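Colleague: One line per chain: the protein sequences are S and D, in this order.
Sequential numbering of the first sequence, starting at 1, is according to the numbering used here.
Sequential numbering of the second sequence, starting at 1, is according to the numbering used here.
Hints are computed from structural coordinates only; laboratory data are not their basis.
Quantities reported herein were computed from a predicted structural model and do not represent experimental measurements.
Take these hints with a grain of salt, some might be off.
Keeping only pairs whose Cα atoms sit at most 30 Å apart, straight-line, the calculated BS3-like set for lysine-lysine is [said to hold, decoys possible]:
1) S:Lys154 to S:Lys241
2) S:Lys172 to S:Lys160
3) S:Lys78 to D:Lys137
4) S:Lys34 to D:Lys167
The following residues of chain S were derived to be distant from chain D, with all beta-carbon distances above 10 Å [stated by the list, open to error]:
5) Lys69
6) Pro165
7) Asp182
8) Leu191
9) Leu249
10) Arg322
11) Leu355
12) Tyr420
Between beta-carbon pairs, the in silico distance windows are [what the hints assert, rightly or not]:
13) S:Gly73 to D:Leu106: 52 to 58 Å
14) S:Thr263 to D:Ile130: 20 to 26 Å
15) S:Thr263 to D:Val230: 48 to 54 Å
16) S:Asp299 to D:Ile146: 44 to 50 Å
17) D:Asp244 to S:Ser364: 50 to 56 Å
18) D:Gly168 to S:Ser364: 46 to 52 Å
19) D:Val126 to S:Ser384: 50 to 56 Å
20) D:Phe73 to S:Ser384: 54 to 60 Å
21) S:Ser71 to D:Tyr44: 44 to 50 Å
22) D:Tyr44 to S:Asp319: 32 to 38 Å
23) D:Arg8 to S:Val85: 48 to 54 Å
24) S:Lys69 to D:Tyr44: 41 to 47 Å
25) D:Asp244 to S:Glu66: 26 to 32 Å
26) D:Phe78 to S:Ser384: 39 to 45 Å
Where is the CB? At the ideal position from N, CA and C, for every residue including glycine.
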Amino acid sequence: MTKKLLALLLAVLTAFALMAPAAMADDVDYSGEKLVIWTCLTADAQYNVLYKQFTELGAEMGVEVEVEKLSFGEMIAKLATASAVGEVPDVMHVNFGGTAQLYADEALMPLDGIIETIGADDFSDAYKTVLTGADGHIYGLPDWAMHTSVWYRKDLFEEKGLEIPTTWAEFKDVAVALNDGDAMSGFNIPLDGVQVAAQTLYELMCSAGVYFLDPATGEYIFDQQKEEAIAVIDYLVDLYKSASPAGSLAWSWGDYRNALAVTGTVAMTLDMGAVIGNAQGNNPEMTAKLGCFDFPGVDGDKKASFGSGYCFVGTKQDDEVREKLVTDFLIALYTPERAAERALSRPMFAFPSYLPAFEIYKNSELVAEFQTEVDTIMDAFENSTWYWYGMENGLSPMSAHIEGTNIFGVALQGACDGTYTSEEAYELINDDLAAFAATM
Amino acid sequence: MGQTLEKRKGILSSYSRRHSFVGFVFAIPAIIFLLVFVLYPVIYNIALSFTDASLSAKKAVHFVGIKNYVRMFSDKLFKQYFWNTCKWTFWSVLGQIVLGLGIALLISRPMKGATAIRSFLLIPYVVPAITLALIAKWIFNSDYGIVSYWLQQAGLIEARQSLLAMKGPAMWVVVILNIWRSYPFPMLIYWAALKGIDREMYEAATVDGANKWQSFRYITLPQLKGTTMVLIVLRTIWTATYYDLIQMVTGGGPTGSTTHLPILIYQASFGSFQMGYAASISMVLGVLMFICIIFYIRTGAADD
Numbered sequence: 001m002t003k004k005l006l007a008l009l010l011a012v013l014t015a016f017a018l019m020a021p022a023a024m025a026d027d028v029d030y031s032g033e034k035l036v037i038w039t040c041l042t043a044d045a046q047y048n049v050l051y052k053q054f055t056e057l058g059a060e061m062g063v064e065v066e067v068e069k070l071s072f073g074e075m076i077a078k079l080a081t082a083s084a085v086g087e088v089p090d091v092m093h094v095n096f097g098g099t100a101q102l103y104a105d106e107a108l109m110p111l112d113g114i115i116e117t118i119g120a121d122d123f124s125d126a127y128k129t130v131l132t133g134a135d136g137h138i139y140g141l142p143d144w145a146m147h148t149s150v151w152y153r154k155d156l157f158e159e160k161g162l163e164i165p166t167t168w169a170e171f172k173d174v175a176v177a178l179n180d181g182d183a184m185s186g187f188n189i190p191l192d193g194v195q196v197a198a199q200t201l202y203e204l205m206c207s208a209g210v211y212f213l214d215p216a217t218g219e220y221i222f223d224q225q226k227e228e229a230i231a232v233i234d235y236l237v238d239l240y241k242s243a244s245p246a247g248s249l250a251w252s253w254g255d256y257r258n259a260l261a262v263t264g265t266v267a268m269t270l271d272m273g274a275v276i277g278n279a280q281g282n283n284p285e286m287t288a289k290l291g292c293f294d295f296p297g298v299d300g301d302k303k304a305s306f307g308s309g310y311c312f313v314g315t316k317q318d319d320e321v322r323e324k325l326v327t328d329f330l331i332a333l334y335t336p337e338r339a340a341e342r343a344l345s346r347p348m349f350a351f352p353s354y355l356p357a358f359e360i361y362k363n364s365e366l367v368a369e370f371q372t373e374v375d376t377i378m379d380a381f382e383n384s385t386w387y388w389y390g391m392e393n394g395l396s397p398m399s400a401h402i403e404g405t406n407i408f409g410v411a412l413q414g415a416c417d418g419t420y421t422s423e424e425a426y427e428l429i430n431d432d433l434a435a436f437a438a439t440m
Numbered sequence: 001m002g003q004t005l006e007k008r009k010g011i012l013s014s015y016s017r018r019h020s021f022v023g024f025v026f027a028i029p030a031i032i033f034l035l036v037f038v039l040y041p042v043i044y045n046i047a048l049s050f051t052d053a054s055l056s057a058k059k060a061v062h063f064v065g066i067k068n069y070v071r072m073f074s075d076k077l078f079k080q081y082f083w084n085t086c087k088w089t090f091w092s093v094l095g096q097i098v099l100g101l102g103i104a105l106l107i108s109r110p111m112k113g114a115t116a117i118r119s120f121l122l123i124p125y126v127v128p129a130i131t132l133a134l135i136a137k138w139i140f141n142s143d144y145g146i147v148s149y150w151l152q153q154a155g156l157i158e159a160r161q162s163l164l165a166m167k168g169p170a171m172w173v174v175v176i177l178n179i180w181r182s183y184p185f186p187m188l189i190y191w192a193a194l195k196g197i198d199r200e201m202y203e204a205a206t207v208d209g210a211n212k213w214q215s216f217r218y219i220t221l222p223q224l225k226g227t228t229m230v231l232i233v234l235r236t237i238w239t240a241t242y243y244d245l246i247q248m249v250t251g252g253g254p255t256g257s258t259t260h261l262p263i264l265i266y267q268a269s270f271g272s273f274q275m276g277y278a279a280s281i282s283m284v285l286g287v288l289m290f291i292c293i294i295f296y297i298r299t300g301a302a303d304d
């Protein structure tokens with residue numbers, strides 16, 4: 001009996017001894033610590049929500065929090081510079097391109113453990129893939145996601161008796177049919193030099209199964225898909241000439257969103273859903289007239305689409321306490337309510353990548369009247385393939401290069417204004433990307 | 001006597017040495033400044049241009065010889081960007097000088113409210129480039145820009161087109177914007193120079209029967225030659241390296257038609273992170289500017 005009691009006592013003591021480090025770790029005193037957090041979301045609605053959540057959590061954890069805004073245009077250059085001098089923030093809310101840049105600079109800490117703690121099944125697989133490095137570790141916590149769709153005027157489709165196009169040829173026919181003299185263009189091809197031109201091209205490329213990097217191996221593949229890529233550029237030029245405003249050559253995001261949602265001078269555009277926010281803010285009557293559908297494949301079989309999103313990253317820390325501080329902070333950000341609040345702070349159609357937040361998102365008043373669009377986009381997220389340019393096989397510095405270079409603008413504007421043939425435009429882009437790929 | 005002279009020479013020599021030393025001490029801050037902020041960056045840039053340096057912190061830097069220069073001069077687009085730089089600089093400087101001189105001639109005459117008029121004419125110089133760029137983008141917008149509307153209505157450009165989206169006119173738009181923003185500087189300099197011309201020369205010319213054009217041609221212009229040379233050199237250097245306006249109005253587009261060397265340098269360094277390549281482009285721009293400076297010094301020496 002005594003032996004049994006002793007054994008039991010020993011077991012209990014052993015159990016306590018084993019639990020002690022964990023208990024101690026949970027009770028780490030963070031007082032006096034400071035977290036530097038950067039975000040490139042500068043719009044008030046989004047920044048305010050992030051700032052509120054960061055400062056709330058900071059107060060709960062007894063940590064000083066310093067939040068800095070980074071304008072989107074300077075983000076990649078600033079991250080590269082910060083990495084070069086070793087002054088990256090502790091935590092950052094950033095897009096995929098920025099994540100890839102920090103990963104290439106070996107500034108990030110792997111987050112597999114955090115994802116396991118939050119719940120690996122609670123994140124979409126596609127998002128985990130895109131944020132996975134070459135070493136197999138996940139370096140970003142998916143926050144919210146966006147998907148490129150064709151946003152269109154439902155009323156005009158109805159008026160002209162048009163059906164949703166299912167092939168490239170049908171799409172062009174519909175775009176041409178929607179043209180109405182100088183007052184209305186059926187579609188638009190925005191080609192502002194940096195980012196916009198690349199994004200416009202990439203949605204068409206994805207739909208035709210043309211990629212920069214091989215989704216299976218991560219090797220540079222754009223040079224092996226020359227014919228297909230030229231066909232994509234041909235189609236882009238054809239759409240520009242037959243259905244896009246001449247001035248769209250210099251259009252950026254704001255221009256084409258206004259044209260569809262505010263001035264009503266374009267009938268369809270590729271977008272990630274922010275057009276709805278534009279309509280609500282500037283032309284509420286237009287809101288109900290807008291709908292979305294997935295851009296079709298060449299012959300109906302769409303290979304992939306262009307998706308985007310934001311995530312949280314944590315950078316490498318000097319000691320275990322700070323590493324745990326960053327870990328605890330990131331985990332605490334992932335409650336369904338907080339994740340939904342962040343997604344809903346974007347004007348529209350930024351889906352929470354943390355699936356438990358999706359129900360809150362879908363039932364919110366903000367998206368109540370857009371259930372059809374939400375379902376369409378969610379279906380594209382969950383049931384089809386999508387990529388972020390240059391990260392077809394996970395994190396790659398190619399993505400940051402594509403974000404930063406203006407070669408897409410030069411080549412595609414030139415193809416549209418007759419300076420270059422589609423082949424020459426392709427060569428310009430390929431020469432630039434291939435030279436960069438050789439340095440990766 | 002001889003000893004006294006030697007003693008005096010010694011005292012003077014000592015004073016001269018002390019004086020030189022004190023002068024040198026006073027010059028030390030300027031020398032340090034020049035070494036740290038001029039000489040070092042120039043030498044560093046030259047060295048960088050022979051490497052494959054990247055902005056990425058994790059990439060090792062290798063010596064690549066003249067590879068960056070070979071790449072630059074064989075680049076299909078570099079020639080275009082080089083000529084864009086020449087075009088942008090030549091027309092901008094010409095416009096600023098001509099407009100600045102013209103207005104300086106007007107305001108140098110006695111008139112009511114001269115101070116107010118001169119102040120008003122200085123406004124473009126203090127307008128921030130970002131303000132000018134945003135207004136330009138607005139008035140040239142293809143859908144709702146007032147200038148685009150007028151041009152479309154006049155049939156000069158097609159419907160829903162913008163000069164900023166047309167590769168030929170886009171450069172002229174940014175040149176005109178630059179002239180508008182920069183003419184006050186030459187205007188002020190010319191105005192001050194005109195004040196310095198001896199009025200008696202004009203009176204003598206009038207007595208000799210010279211008309212206004214002849215007075216301008218044979219008195220004013222020669223008297224302004226030195227000022228004009230200084231302005232041409234300074235404005236050329238400032239304009240050729242001026243980055244902000246083009247970046248904010250066209251971003252170098254469309255089709256690279258407004259991309260000049262500073263934009264290319266930015267693109268190479270912060271777009272593609274290829275610091276070595278960017279340094280080699282900077283060297284070309286630097287050499288061009290150095291030629292301007294040599295020209296300026298030689299011209300100044302000739303005048304002396």
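Colleague: Now, for every hint given, state plainly whether the structure supports it.
Modeller: Now for the hints, and whether the structure bears them out:
{"no.": "1", "hint": "S:Lys154 to S:Lys241", "result": "holds (23 Å)"}
{"no.": "2", "hint": "S:Lys172 to S:Lys160", "result": "holds (15 Å)"}
{"no.": "3", "hint": "S:Lys78 to D:Lys137", "result": "holds (26 Å)"}
{"no.": "4", "hint": "S:Lys34 to D:Lys167", "result": "violated (51 Å)"}
{"no.": "5", "hint": "Lys69", "result": "holds (17 Å)"}
{"no.": "6", "hint": "Pro165", "result": "holds (23 Å)"}
{"no.": "7", "hint": "Asp182", "result": "violated (4 Å)"}
{"no.": "8", "hint": "Leu191", "result": "violated (8 Å)"}
{"no.": "9", "hint": "Leu249", "result": "violated (4 Å)"}
{"no.": "10", "hint": "Arg322", "result": "holds (20 Å)"}
{"no.": "11", "hint": "Leu355", "result": "holds (34 Å)"}
{"no.": "12", "hint": "Tyr420", "result": "violated (8 Å)"}
{"no.": "13", "hint": "S:Gly73 to D:Leu106: 52 to 58 Å", "result": "violated (41 Å)"}
{"no.": "14", "hint": "S:Thr263 to D:Ile130: 20 to 26 Å", "result": "holds (25 Å)"}
{"no.": "15", "hint": "S:Thr263 to D:Val230: 48 to 54 Å", "result": "holds (49 Å)"}
{"no.": "16", "hint": "S:Asp299 to D:Ile146: 44 to 50 Å", "result": "holds (45 Å)"}
{"no.": "17", "hint": "D:Asp244 to S:Ser364: 50 to 56 Å", "result": "violated (42 Å)"}
{"no.": "18", "hint": "D:Gly168 to S:Ser364: 46 to 52 Å", "result": "holds (50 Å)"}
{"no.": "19", "hint": "D:Val126 to S:Ser384: 50 to 56 Å", "result": "holds (54 Å)"}
{"no.": "20", "hint": "D:Phe73 to S:Ser384: 54 to 60 Å", "result": "violated (46 Å)"}
{"no.": "21", "hint": "S:Ser71 to D:Tyr44: 44 to 50 Å", "result": "violated (28 Å)"}
{"no.": "22", "hint": "D:Tyr44 to S:Asp319: 32 to 38 Å", "result": "holds (35 Å)"}
{"no.": "23", "hint": "D:Arg8 to S:Val85: 48 to 54 Å", "result": "violated (60 Å)"}
{"no.": "24", "hint": "S:Lys69 to D:Tyr44: 41 to 47 Å", "result": "violated (32 Å)"}
{"no.": "25", "hint": "D:Asp244 to S:Glu66: 26 to 32 Å", "result": "holds (29 Å)"}
{"no.": "26", "hint": "D:Phe78 to S:Ser384: 39 to 45 Å", "result": "holds (42 Å)"}
Hints 4, 7, 8, 9, 12, 13, 17, 20, 21, 23, 24, counting from the list given before, are not met by this structure.
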